[in-house]
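So the protein lines, in turn, are chains A and B.
With my numbering as the guide, the letters of the first sequence map in order to residues 1 to 275.
With my numbering as the guide, the letters of the second sequence map in order to residues 276 to 615.
Each hint should be verified, as a subset may be incorrect.
To be verified - A partial selection of chain A residues facing chain B, derived with a Cβ cut-off under 10 Å:
| id | residue |
| --- | --- |
| 1 | Leu43 |
| 2 | Phe47 |
| 3 | Ala49 |
| 4 | Ala118 |
| 5 | Leu123 |
| 6 | Leu128 |
| 7 | Phe131 |
| 8 | Leu179 |
| 9 | Val181 |
| 10 | Gly233 |
| 11 | Leu238 |
| 12 | Pro247 |
| 13 | Leu249 |
No lab work stands behind these hints, which were simulated from the structure alone.
The beta-carbon is built from N, C-alpha and C at its ideal position, and this holds for glycine as well.
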Amino acid sequence: MRLLFSDRLACVGVALIVVVLMVGLLAPYLAPYPEQGRGQSNLTERFEAPNGQHLLGTDNYGRDVLSRIIYGARIPLVMGGAVLIGCLGVGVPLGGVAGYYGGRVDEAIMRVTDVFLAFPSVLLAIALVAFIGPSLKNTAIALIICWWPWYARLVRGITVSTRTRQYVESARVSGVSNLTVVRRHILPATIGPVVVSASLDLGAVIISAAALSFIGLGAQPPTAEWGLMMNEGRPYILDAWWIATFPALAMFVLVLSTNLLGDGLRDALDPRSIR
Amino acid sequence: MSVSTYVARRLLLLFLVLFGIATITFFVARVIPSDPAATYVGGLARKDQIETAREKLGLNEPLPVQFGIYLRDLLTGDWGTSLVSKRPVLEDIAHFLPVSFQLVFLAMAVASVVGFILGALSAAKKGSVIDHGSRLAAVVGVSLPAFVIALLLQVLFCHVVPLFPIAGKIQVAVADQYPIRTITGMDLLDALLTANWSAFASVLYYAVLPVLAVAAYPAGVIQRMTRATLTETLELEYVRMHRAMGLSRSSIVSRFAMKNALGPVITTIGTTFAAALVGAFLVEIVFSYPGIGSYLVSGIMAMDYPVIVGTTLVVSAIYVCVNLLVDLCIAWLDHRVILQ
């Protein structure tokens with residue numbers, strides 16, 4: 001942890017993520033036009049360029065872009081967190097079982113992950129949401145279905161190497177139950193790598209979720225979500241560039257900060273990596 | 276393991292992947308909607324129309340039988356007809372895929388050159404302004420999703436400085452006057468082969484922004500990889516000896532270290548190629564570029580079931596094959612690599 005905070009760029013990343021979180025939490029108080037952030041249209045003020053009243057302009061429904069970006073800050077981190085927790089919920093037990101028991105169970109689970117890891121998961125997520133029906137919840141479900149195998153793999157690897165350690169074997173020999181061995185010895189060993197891996201994935205999950213919203217499969221209007229806002233602003237990019245550009249910049253800042261944090265964590269935990 | 280066994284194993288995996296995708300999409304499409312036949316004919320259909328559709332789709336059969344029929348059709352090349360274009364899905368895909376390929380190939384060429392040069396400069400002048408600038412560019416490239424870059428490029432080069440066209444793949448007037456004869460389906464190559472220079476120039480001009488948008492991510496990754504491997508090589512004993520003999524850091528980079536760095540960099544080019552393929556999907560939508568990504572999304576919007584499944588299967592197959600080719604290339608280039 002101390003190492004992480006000695007990395008200045010990682011600190012910037014953490015700070016920016018905290019800012020986005022706070023902005024999302026305090027959206028009703030920060031947004032100049034909260035009702036427009038929630039989606040109410042204001043047709044008398046459509047397509048206003050950035051000015052004193054609307055710092056980032058207004059969109060095709062006359063809604064204040066700044067307010068909508070502030071409300072939009074609520075979605076990506078919650079989405080990323082929910083998807084990653086879901087992946088851990090599925091991947092950690094399956095990977096643990098595969099690694100701990102080995103044999104046929106292991107073989108079966110690993111072949112399934114092989115198939116999942118062999119092709120672009122976003123593509124399957126797109127196809128799945130297209131069938132289940134577009135919504136944020138379904139986007140999260142589809143991303144979990146496509147992403148858990150990475151964690152199953154990771155946890156299996158750690159479990160296999162921990163299980164053969166002497167202290168684990170002696171615990172087993174002395175009659176400690178399987179459940180206790182897993183809880184006391186194996187799970188703690190997986191926490192570090194899983195956390196690093198999740199933090200490295202956070203940016204990718206956020207991008208994927210935004211990409212799905214961008215093609216109309218994730219958040220639905222009138223929700224303020226950055227990917228969706230970019231899509232809504234796309235037809236007006238020449239005349240009202242601010243509608244799509246500012247959500248794009250917000251997205252950039254957030255993904256950049258998750259990448260900085262992820263890189264920092266990796267460097268802090270793996271001293272061999274090159275700075 | 277011999278190369279042929281390795282290839283056979285990977286092709287088996289390819290088969291499993293396709294089977295897995297076919298299975299998942301089949302069950303999601305048939306089981307989750309309460310009445311697939313009603314979805315098929317649309318919301319305003321009469322009862323008898325739904326009944327006819329149910330008969331036609333074979334939905335009265337038990338589920339395992341339906342699945343069997345579905346797999347048989349896939350294997351025999353009957354992938355269904357697009358509900359929108361009314362053409363066989365495979366025909367449509369054959370038409371749109373080369374356009375996307377062209378985009379990705381161009382983007383990877385640009386990304387490899389730019390990424391490698393920036394990475395090499397960074398390593399040669401480590402700690403300098405050039406290094407910082409090049410690293411910053413790489414981080415931006417890696418952090419910005421391709422569709423965001425595409426939008427920002429549109430704002431910059433179609434609005435602020437109107438240099439490039441905002442959408443399409445060729446100027447309509449040029450396409451009318453100098454039609455491209457289809458040979459490979461890749462317009463640029465076809466125009467080149469038929470010496471159709473006006474069309475060639477127009478296609479190239481329209482491709483500039485989409486290519487840049489797709490290239491940004493791979494370029495960033497390649498820059499990082501080049502810089503890291505070159506830096507590592509520069510710490511090696513023999514390089515230090517050359518330093519001691521008075522060669523400058525830059526000349527060591529260009530004369531000796533480059534060769535060592537090539538292996539990992541080629542690996543990176545391969546792995547990012549697959550990412551670029553998916554990134555290109557969204558970029559196509561932003562630039563209304565008529566490739567497989569635009570096709571898939573229009574299929575999604577219209578709930579065009581055969582299109583969604585067909586595109587997903589084909590693109591996944593390509594993805595698996597590209598990865599296999601990359602692994603084989605690496606093994607062929609570097610004999611220390613063991614295929615397993």
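Now the hints, each set against the structure:
Violation of the interface hint for Leu43 (chain A) is found here, the shortest Cβ-Cβ separation to chain B being roughly 24 Å, above the 10 Å cut-off. With a least beta-carbon distance of about 14 Å to chain B, the hint placing Phe47 (chain A) at the interface is violated under the 10 Å criterion. Evaluation of the Ala49 (chain A) hint against chain B yields a violated restraint, the C-beta minimum of about 12 Å exceeding 10 Å. Taking 10 Å as the C-beta contact cut-off toward chain B, the hint placing Ala118 (chain A) at the interface holds, the least distance being around 5 Å.
Annotation: interface hint on Leu123 (chain A) holds; nearest CB of chain B at approximately 6 Å, less than 10 Å. The restraint placing Leu128 (chain A) at the interface with chain B holds, with a minimum CB-CB distance near 6 Å, inside the 10 Å limit. The interface hint given for Phe131 (chain A) holds, since its Cβ lies 5 Å from the closest Cβ of chain B, which is under the 10 Å cut-off. A hinted interface residue such as Leu179 (chain A) counts as satisfied when its beta carbon comes closer than 10 Å to some beta carbon of chain B; here the least separation is about 32 Å, so the hint is violated.
Given hint, Val181 (chain A) at the interface with chain B, is violated; its Cβ is 31 Å from that chain's nearest Cβ, farther than 10 Å. The interface hint given for Gly233 (chain A) is met, as the beta carbon of that residue sits about 8 Å from the closest beta carbon of chain B, less than 10 Å. Taken as an interface hint, Leu238 (chain A) checks out: its beta carbon lies about 5 Å from the nearest beta carbon of chain B, inside 10 Å. For Pro247 (chain A), the suggested interface contact is upheld, since its CB lies about 9 Å from the closest CB of chain B, less than 10 Å.
With a cut of 10 Å, the hint placing Leu249 (chain A) at the interface with chain B holds, because the nearest CB-to-CB distance is about 8 Å.
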